[in-house]
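Use these hints to put chains B, C and D onto chain A, whose structure you have.
Number of protein chains: 4
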Amino acid sequence: MYSFKNDYSEGAHPSILQKLLETNLVQEPGYGEDRYSQKARALLCEKMNRPDARIYFVAGGTQANLLVIAALLQVHEAVISATTGHIYSHEAGAIEAVGHRIITVDTPNGKLNVDDLRRVLENHRLRPHVVKPRLVYISNSTELGTVYRKEELSQLSVFCRDNGLFLYLDGARLGHALTAPQNDLSLAEIAELTDAFYIGATKNGGLLGEAVVINRPDLAPEFDYVMKQKGALMAKGRLIGIQFLELFKDDLYFRLADHANTMARKLTFALRKKGYDFLTEPETNQIFPLLPRTKVEQLKLKYQFYEWSNIDHQLVALRLITSWATQESVIDQLINDL
Amino acid sequence: MYSFKNDYSEGAHPSILQKLLETNLVQEPGYGEDRYSQKARALLCEKMNRPDARIYFVAGGTQANLLVIAALLQVHEAVISATTGHIYSHEAGAIEAVGHRIITVDTPNGKLNVDDLRRVLENHRLRPHVVKPRLVYISNSTELGTVYRKEELSQLSVFCRDNGLFLYLDGARLGHALTAPQNDLSLAEIAELTDAFYIGATKNGGLLGEAVVINRPDLAPEFDYVMKQKGALMAKGRLIGIQFLELFKDDLYFRLADHANTMARKLTFALRKKGYDFLTEPETNQIFPLLPRTKVEQLKLKYQFYEWSNIDHQLVALRLITSWATQESVIDQLINDL
Amino acid sequence: MYSFKNDYSEGAHPSILQKLLETNLVQEPGYGEDRYSQKARALLCEKMNRPDARIYFVAGGTQANLLVIAALLQVHEAVISATTGHIYSHEAGAIEAVGHRIITVDTPNGKLNVDDLRRVLENHRLRPHVVKPRLVYISNSTELGTVYRKEELSQLSVFCRDNGLFLYLDGARLGHALTAPQNDLSLAEIAELTDAFYIGATKNGGLLGEAVVINRPDLAPEFDYVMKQKGALMAKGRLIGIQFLELFKDDLYFRLADHANTMARKLTFALRKKGYDFLTEPETNQIFPLLPRTKVEQLKLKYQFYEWSNIDHQLVALRLITSWATQESVIDQLINDL
Amino acid sequence: MYSFKNDYSEGAHPSILQKLLETNLVQEPGYGEDRYSQKARALLCEKMNRPDARIYFVAGGTQANLLVIAALLQVHEAVISATTGHIYSHEAGAIEAVGHRIITVDTPNGKLNVDDLRRVLENHRLRPHVVKPRLVYISNSTELGTVYRKEELSQLSVFCRDNGLFLYLDGARLGHALTAPQNDLSLAEIAELTDAFYIGATKNGGLLGEAVVINRPDLAPEFDYVMKQKGALMAKGRLIGIQFLELFKDDLYFRLADHANTMARKLTFALRKKGYDFLTEPETNQIFPLLPRTKVEQLKLKYQFYEWSNIDHQLVALRLITSWATQESVIDQLINDL
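Residue numbers (our numbering), protein chains in the order written: chain A, 1 to 338; chain B, 1 to 338; chain C, 1 to 338; chain D, 1 to 338.
Isolated chain A (complex conformation):
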């Protein structure tokens, strides 16, 4: 059985484990003050062309999201997210547990636009009886595999700044977004257009770890306290610092994401050729082909994947995810089995 359920079924890219071995017995200070974390932060700042950005390494995406939102919002402020947004659909109420409502917007493709935001603001004018929308949560790539174009992100950014909203981007799969053929954004532009975001490693070749980036040092100057309080400050911060150093040293991060995308694209091409349609336009390493139920049952004998939704009695939308570790031979095999 081969799994296309997610992009975190394997361990880490071997060069990361190699680096952990090499540095294993060097004594380093704890809590992210080690030299590897410091170098990794400096390297990321350079890649983003933002010397003043504050970077914090945390263990997972839910943690990153709840930390940023807890640090940026006042008690009565709320988040705007697509209904498919990870914070709403897959984080067990993490945001509400730190006190904030998520106002959801239904979208066809997982992306928010300016009209969505405007409508939310219009529906939240009855101060003080309603929550105050204050932070816009987007993900890139989205939970439906789509990516934001520069024009789309710029419009959101301008609207947020004009309306006193924070713009926060969940980059669990930022590598996959930035290496998608449809992408026209750079890492530096992501940093410029948002207030905060995170760069995910767990889903792109790391053992664990996400780099939270606060783009302006005055936004959350005491983020370290919040990390400690929420249990997110790792004693051996070196573990994540080393990984980001390795992933960004020679752009391994982007090469890994590109591989995952390429594998998904090959599969997409084959599926299209066989006449299958998709729930959303395939752009990154998550694709949602619509297959007949009989075909799905047949594939389940050899492959694991999520059945995302039933379109009708006959047709099922699958979610197939490729990763940095997906071998081309497996893709060929799957295409053959289709």
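Just so you know, these hints were derived from the structure itself, not from any lab.
Copies of one chain are not kept apart here, so a pair can be met inside one copy or by any two copies together.
When the alpha-carbon atoms are kept at most 27 Å apart in a straight line, the in silico DSS-like pairs for lysine-lysine are as follows:
#1 302 to 39
#2 5 to 39
#3 132 to 5
#4 19 to 47
#5 19 to 249
Please read these numbers as outputs of a predicted model, since none were measured by experiment.
Same frame as chain A, but now just chains B, C and D:
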């Protein structure tokens, strides 16, 4: 200018103020241990035919809602509510602030049904990545002025008990619901079919005060601690105890609500006669007639009310609320002005 | 049985009830936007000589405390309080429930001083492993009946401003403090030396109600949202507005407090004359005489009061509280019974 | 410079890294459902002789603590801890941030006893004005390096069961406790005498990871939801599962702790021989020798360590921590430098 904006524009029914005067200098223990509160609790238990129910007096509806939900739910559990539910639409994120998500369901008339609940449960199976639906919040009368029939409430009750859900009823306007012509539920049946509910006095002739009823003593045995912690335990609990005693002694509570309903009905009859339609079927003291914009502008010169929503360029849905204090002469005047 | 347990055993000063009767049927907007509340806020601003202060009326002291602290602090910030402080000793964890630690300081008389604060700051330097002390909570009069002198409050104020700490004063019994013979502070000076405080009516002749004062409008510009979220925004805000208007119109507030203090002083004088000592220096309407157990048992036959602590096998510290409603004849009787 | 600041200055025991390498490309389910985590849980249950215990792997100690406390307590319930307890002294308010007070007890040696608990209960009787003490937090070894004897833990256990208190043990350094010469407790007895505890790997040779043990399956049956909500459910749960499997397979865990203890004992012996005294009795891998300031300054040229407290103008209490990775040659060097 006469206001139809709400049913809490005036003070309290005069007999309440009279009772406050009479008892004013009697020394009583604080925190709801006074004799008036004790008598009021006993009286309500008798009226509900539930000697074991626990009754707690609090100052307002948002407090009642957040207390019950904070006391009944574990940290990962969520509430199901109509999108129009007061906890979602008008309480500034009070429920999220105590850590719980509200899962909303769009409804035409503000009422939840069993199919709504079933769909929510189906969409929340991906344990532990989703919240766990645990409490169903309904209001009677609803925020759209409609009332639950016995059959509807019974079905919800059975479904909740079969599926491990608490059923909680917001009775800010319970008096208006139970005196509506369409109503076939008694106070005792409300208590029997729900796990907890509250009886509102603020919107039905009290200065302030809601009676939270926990129908089984084992459900929230330490509710008193939660009240104190959330700032809801009044030093001079007598203030609310005296009011409930006065309101329920000779069913004044129901007579006041019936008056409000009757005034709304008279208005409804007149509006229908003039050919106006309604957003939802008028059943209690909140009615939502659809009027042409020109007529609305004309009425605004003499009356205050909420413009609930714009139906189209011409038609506006108003919300008109009558109360225990609404004089029939004002209703006649308004009918005349229509 | 006559109770000296607290100063909220009776209803309200009769002139308040009278005013409620007079204004009862006037229609007013809800949520503190009524004319009485607006006038009361203007009157208090004038009395404090702070035209820019923001004033919010809430139902009780625990509510006032948790609202101010929730509105002013970030998630990782903590409160400094005397161990006897009401928020630590008598509010069922209300402050922790909104997420903040209370760092306690043992004091002989319920008052904090600059050395206390300095020690706390010294013990909280291991950022980010410790909480960040951010708000100093004091009460005046304190829970031990003592009052702050102008020099003491000034020193705290200067230290707080120099060290980035908010200074917040719980004035549940502010009237009693400001009318104590030892007092040399005015209401305007209280406002000048603190960042926020509240003026309590529940314990000084009101039915219920505290006026939260935020001394600078930029400190908590969205306090109204927080009030609504915590269930503290009363529908019939007029109920508290009318009371503060009545209490401050002709300084009734201070006359009532002065009466309570005078009654306590008469009792203190008699107790001293009989050779009894006190736990803390009697200054306001709460006194803590040390009486032999046999005498205590004898008094319990006719009076109610708290036994505050056992000094030794023989001696008990009582807490006796007088109020605006305490009759001099009862004091004379008690003196006689001593 | 050699650091005695903590026991997490190095990476992981080499056999752990080796195992990560070996298993790296095997596909496994996420979120702790992988085979390594399952085996590790089964192995730990066997070692504890508790087939029904529920075991959850999390990334760090603060997370473990806040998860257990959030899952076990109701909103108004509080924790009892020594003032030196990690949750009070070094976790940035993590427990208060999930809503619960920590009631602290000053202790000479970091250990709680039954008298401490009894006093706390006596001081928390004024229901509902106080918090309700509900969970006793202890650590073994304590933050002062001491260990609980079987008799001490048994007494706490009996008292807790008799008084409706949960007993929770923070085992960040449980290995060091159980291998101390003074220890007479087994892992199985720890499990029997407590309601929940955790076994720490971060401070004893792991890269990261703690195993939370809930000793009865009915205590927190939905702990998985809470983990996900607080951001503690790792996508690649295998990372921790593999480590615990490796650490407990051949009792490597206890051998590593024993080594750390042995190194500390050698140092203790040498210090005693030179006439130095200790703040607390040295029992595990954390020792607190009292050294003259001049000697401390001299040592700081070659070694890193915490200056725990100033005893007087001359004497300083240091904290020296040895670890699984401490080389005996470095200890010899330090002894020489003394």
